[in-house]
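Novice: Residues per chain, in single letters:
There are 2 protein chains.
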Amino acid sequence: MSEKARIGLDLFGGDNAPHSNLEGAIFALKNKYIDELFLIGGEESLKKDIPEELHSKIKFVKAENLVDNHTKPTEVLKLKKSSIYVGTEMMKNGKLDAFVSAGNTGALLAAGTFVTGRIKGIDRPALVIPLPGKGGKPRVLVDGGANAELKPAHFVSLAKVGVAFAKFLGIKNPKVHILNIGTEESKGTRLVKEAAEYLTNEPKIDYVGFVEGRDIFEKEIDVIVTDGFTGNNTLKTIEGTAYYIMSELKEKITE
Amino acid sequence: MSEKARIGLDLFGGDNAPHSNLEGAIFALKNKYIDELFLIGGEESLKKDIPEELHSKIKFVKAENLVDNHTKPTEVLKLKKSSIYVGTEMMKNGKLDAFVSAGNTGALLAAGTFVTGRIKGIDRPALVIPLPGKGGKPRVLVDGGANAELKPAHFVSLAKVGVAFAKFLGIKNPKVHILNIGTEESKGTRLVKEAAEYLTNEPKIDYVGFVEGRDIFEKEIDVIVTDGFTGNNTLKTIEGTAYYIMSELKEKITE
Chain A
1 MSEKARIGLD LFGGDNAPHS NLEGAIFALK NKYIDELFLI GGEESLKKDI
51 PEELHSKIKF VKAENLVDNH TKPTEVLKLK KSSIYVGTEM MKNGKLDAFV
101 SAGNTGALLA AGTFVTGRIK GIDRPALVIP LPGKGGKPRV LVDGGANAEL
151 KPAHFVSLAK VGVAFAKFLG IKNPKVHILN IGTEESKGTR LVKEAAEYLT
201 NEPKIDYVGF VEGRDIFEKE IDVIVTDGFT GNNTLKTIEG TAYYIMSELK
251 EKITE
Chain B
1 MSEKARIGLD LFGGDNAPHS NLEGAIFALK NKYIDELFLI GGEESLKKDI
51 PEELHSKIKF VKAENLVDNH TKPTEVLKLK KSSIYVGTEM MKNGKLDAFV
101 SAGNTGALLA AGTFVTGRIK GIDRPALVIP LPGKGGKPRV LVDGGANAEL
151 KPAHFVSLAK VGVAFAKFLG IKNPKVHILN IGTEESKGTR LVKEAAEYLT
201 NEPKIDYVGF VEGRDIFEKE IDVIVTDGFT GNNTLKTIEG TAYYIMSELK
251 EKITE
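Going line by line, the protein sequences match chains A and B.
Okay, so the first sequence: first residue is 1 according to the working numbering, each after it adds one.
Okay, so the second sequence: first residue is 1 according to the working numbering, each after it adds one.
Isolated chain A (complex conformation) (with noise of 0.2 Å):
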């Protein structure tokens, strides 16, 4: 990465495009989170709803809304002029350290993989989520999704990923746990029995054992482990919940 992070930032996709990724590209100009932004899909007529004093910031790089929620993820591939095609191969060229999207998962997760390509020693792709906990501490959750199916293997590059965003996010040395609905050896899936094995073999990985989906909240939680399909579920079982708790509370107050 170089001295000044350049960061991609795609204006199409994403509920409220372009005029919420722009807001959310001027918010982090003014409080200095970026250095040197490419708005990927801007032209330069949008220079008038940006604060003049940020203009030397901002690159303004060509590229067409092609890809919504329907498109299928390889489908990208072919879509060369797509933002996400556009900001995938600036990253395989060098030209951005880092590439923001807020479309098309899929279709990022395939662009991300197949154009910008996998970095060496990991063999798998990963969403890696933060969560909230107890105390205020943050945690992460690999994979939310990625990946619906997995080989044990896999989890190693699960595990890295995930221990280097635990690391941005503040956490000294991560410990990692991989999520199983019980904390003996015995219980689980072969893939979480064989996948605990990798981890525990693995010398660079922290690796403390199982945790059950009581206890991602807990405080000494830092890096979780599991399949896409079960990230995923946990997920939005995690937000089905809450959303549940809240809209009941709101209910028993208001009544």
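These are calculated hints, taken from the structure and not from any lab test.
Since copy identity is lost for identical chains, a pair holds within one copy or between any two.
Below are the SDA-like pairs computed for lysine to any residue, each with C-alpha atoms no more than 25 Å apart in a straight line:
hint, residue 1, residue 2
1, 175, 248
2, 193, 74
3, 187, 109
4, 120, 105
5, 134, 255
6, 47, 27
7, 134, 243
8, 219, 245
9, 151, 194
10, 78, 115
As the structure is a computational prediction, the values presented were derived from the model and not from experiment.
Could you slot chain B onto chain A? The hints should help.
Specialist: For chain B alone, coordinates are given in the frame of chain A:
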């Protein structure tokens, strides 16, 4: 089932046995939820703790406290004097219509499957978990953890058991959903996609489609089927999320 349901209750097992088990039995008898109760592992001396007007409804069955949470599931099949073995054997011999135990789940499952035996047409045991939901309407999740790994065809058994339980909870013509990470047919693992085909082809099951974790508590949900790993993790995630939200709320309120 005989006109008057004969219920067997395991007096051992559970965090507060036999006190809580007996308390529950007295509550159920007093409220006429039960006509005839067999206290398995109970002795005549317990009568002093039970209101006299209920004595005629209770029978004591000799059994020993041989199973704890460290007992391996299949070990119970050799422990023929254990309350779980005695209860499941009474089921097999037609002496009980139902057997209730708060003891070791794995042991109960093993004894239920191999001592009592399965109902014709049900090729896998299931843990059915009733859940609350919006508008005060209940719903059931199957399987809550009996089968960590399942084949697609087994989902038919789970659906049948779930529908029977949902009817018992007062839901007329229960609809069946499969838990998945998306509602589109193309989403998810091979397991759920093939299970969906089996349920679609089952004329006695009103199969609707996939449901995501975020919609578990919606009004229109009656029966959710899933494999035991996903189901157990989903339950524990609901528990963990609810506990986390309540603890955060308490903290904010008492701050």
